[in-house]
Amino acid sequence: MRGLIEEDYTTKEGEFVINIGPQHPSTHGVLHLKVWLNGETIIKIQPHLGYIHRSIEKMSERLSYRNFIFATSRMDYLAAHINNEACALAVEKGLQIEATPRAKVVRTILSELTRLSSHQLWWASTGLDLGAVTPFFYAFREREAILDIMDETCGARLTQNYMVPGGLMNDIHPNFQKRTKEVLKQIKEKFKEYDDILTGNVIFINRTKGVGYLSKEDALSYGVTGPTARASGLSCDIRKWAPYSAYPSVDFEEILDTEGDSYSRYLIRMKEMKQSVSIIEQLIDNIPEGDFQEKTKNVIKLPKGEFYQRVETPRGELGVYIVSEGMSSPYRIKYRSPNFSNLSVLPTIAKGYKIGDLVAIMATIDLVIPDIDR
Amino acid sequence: MNNEEFKIYLHSLLPEAVFVETGEFLEIQIASDKLFPFLENIKISENTSFDYLFCLTCIDRIDKFEMVYHLLSKTHKHILVVKSIISDYQNPETETVCNLWKTAEFHEREVFDLFGIKFKNHPDLRRIFLDDNWNGYPLRKNYIDPNMIEL
Chain A
244 MRGLIEEDYT
254 TKEGEFVINI
264 GPQHPSTHGV
274 LHLKVWLNGE
284 TIIKIQPHLG
294 YIHRSIEKMS
304 ERLSYRNFIF
314 ATSRMDYLAA
324 HINNEACALA
334 VEKGLQIEAT
344 PRAKVVRTIL
354 SELTRLSSHQ
364 LWWASTGLDL
374 GAVTPFFYAF
384 REREAILDIM
394 DETCGARLTQ
404 NYMVPGGLMN
414 DIHPNFQKRT
424 KEVLKQIKEK
434 FKEYDDILTG
444 NVIFINRTKG
454 VGYLSKEDAL
464 SYGVTGPTAR
474 ASGLSCDIRK
484 WAPYSAYPSV
494 DFEEILDTEG
504 DSYSRYLIRM
514 KEMKQSVSII
524 EQLIDNIPEG
534 DFQEKTKNVI
544 KLPKGEFYQR
554 VETPRGELGV
564 YIVSEGMSSP
574 YRIKYRSPNF
584 SNLSVLPTIA
594 KGYKIGDLVA
604 IMATIDLVIP
614 DIDR
Chain B
-4 MNNEEFKIYL
6 HSLLPEAVFV
16 ETGEFLEIQI
26 ASDKLFPFLE
36 NIKISENTSF
46 DYLFCLTCID
56 RIDKFEMVYH
66 LLSKTHKHIL
76 VVKSIISDYQ
86 NPETETVCNL
96 WKTAEFHERE
106 VFDLFGIKFK
116 NHPDLRRIFL
126 DDNWNGYPLR
136 KNYIDPNMIE
146 L
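Residue numbers (our numbering), protein chains in the order written: chain A, 244 to 617; chain B, -4 to 146.
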């Protein structure tokens, strides 16, 4: 039992310590929080990590440049596609090639579909955490449709592994464009339903508005990224800061807010979903003809050097840092995962709020634990 | 500032620093004992204002360690990679940067956990992923997993 025996549970009079997790539903995975309370007020939080640490970084040092990509699907499993893309882009940087124009556009469409499905799952579970069961069924109706597209084209619903250095593994399915347009139409109709059931709901607003305030300075200092940071007014969208794939050619907005509370983080994600729909609409009819994959050697060897690729996942900035010594597998690989930094701010923003608010704060930070543990 | 001007400016701060320009970002290599004052300087100075530490990691080079700091300035939009060598492999130590960027607190705990580098003045230096009584540091190149079976 890690950290439960040796550590101090000393408290002042009137204070006590409770352990939330590692098997608590509101932690969305095996996260263990040790919470010091005074009555219902949170005094201090200590996260305990590593319950599903699989040492993907160490494993990758023995895998080839084609194989290590697959391990990253298991990091942020809700954005497996974007993780794969980050690795493929990093390897392409080392090889000094670019994906084909067709692959670039398809990658971007799939990335945005991933973002939509990830935000939908977040929306579903946020509702569930705060006592509303219906959103779960609403969101999964559309999410299933997106996953079916993934299934048809990539051959998998969650861990796609569709990106390879140089482009895509296969060409897209003939139905891809038609079905994507159908799903977009369906999603756009349902946005109003989403807003009706949760966004304007008085109970929901009371539980999230003014809860878990994160200042812009803290967000920057703690390295918080993604919608969580943008709700505090910190511009950090990698799609704007360092555009990759087909993002330079599409027109979209980086959604910013200045409130910094849980409700504002909620609104940012709701607006981002609409932006994602708009990005896909701009690209879906303009997929260029041509090869889906640039030709690469069977055994990829990167030249000696260091390659860093940043991408925007639904939860923030993912960095892939490859150190190569000229061999067929990386000498050192580091994943700068968004959730790891986003979690580090939790003890600061939850301090002083009630224990019930902690659930709302965790839900709107949108943590995925395998990405923290790697 | 473009890369050339930037190099001249950094050179004036620290004349003995070595620049590497082979990678995507400008890289500067400095001695371990000069690291903290230098980082503090480029964070506070208005000319550079590196307010965002987006990656902190370590590389095991068999006989020494290499600390790598990826820095970005939100105002000037430039990126700098700072590297410093820790030559004492048996008892590696370096100064913490927690009080400059708070994100370093978790990242340094990770480096401590997996590489065994001690960060001086770190507020809470404990293992982050592994058990407290774990033997060895897994990301070191000479680490042998006691449970691994060679085929």
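One or more of the hints may lead you astray.
Stated by the list, open to error - Dumping the calculated DSSO-like pairs for lysine-lysine here, alpha-carbon to alpha-carbon at most 27 Å:
#1 B:Lys2 x B:Lys113
#2 B:Lys78 x A:Lys287
#3 A:Lys483 x B:Lys72
Said to hold, decoys possible - Cβ-Cβ distance ranges computed for the label pairs, FRET-style:
#4 A:His267 x B:Asn128: 36 to 44 Å
#5 A:Lys540 x B:Tyr4: 36 to 44 Å
#6 B:Lys69 x A:Val376: 20 to 28 Å
#7 B:Lys2 x A:Thr501: 35 to 43 Å
#8 B:Phe20 x A:Glu496: 21 to 29 Å
#9 B:Lys72 x A:Phe379: 36 to 44 Å
#10 B:Asn42 x A:Asp494: 31 to 39 Å
#11 A:Thr501 x B:Ile57: 32 to 40 Å
#12 A:Asp438 x B:Ser40: 32 to 40 Å
#13 B:Asn36 x A:Lys540: 19 to 27 Å
Since the hints were derived computationally from the structure, they do not count as laboratory data. Note that the structure is predicted; figures quoted are calculated from it, not measured. We put the beta carbon where it would ideally sit given N, CA and C, even for glycine.
Evaluated hints:
no.	hint	in the structure
1	B:Lys2 x B:Lys113	violated (31 Å)
2	B:Lys78 x A:Lys287	violated (34 Å)
3	A:Lys483 x B:Lys72	holds (12 Å)
4	A:His267 x B:Asn128: 36 to 44 Å	violated (26 Å)
5	A:Lys540 x B:Tyr4: 36 to 44 Å	holds (42 Å)
6	B:Lys69 x A:Val376: 20 to 28 Å	violated (41 Å)
7	B:Lys2 x A:Thr501: 35 to 43 Å	holds (36 Å)
8	B:Phe20 x A:Glu496: 21 to 29 Å	holds (28 Å)
9	B:Lys72 x A:Phe379: 36 to 44 Å	holds (41 Å)
10	B:Asn42 x A:Asp494: 31 to 39 Å	holds (34 Å)
11	A:Thr501 x B:Ile57: 32 to 40 Å	violated (49 Å)
12	A:Asp438 x B:Ser40: 32 to 40 Å	violated (46 Å)
13	B:Asn36 x A:Lys540: 19 to 27 Å	violated (45 Å)
Violated hints for the displayed structure, listed by number in ascending order: 1, 2, 4, 6, 11, 12 and 13.
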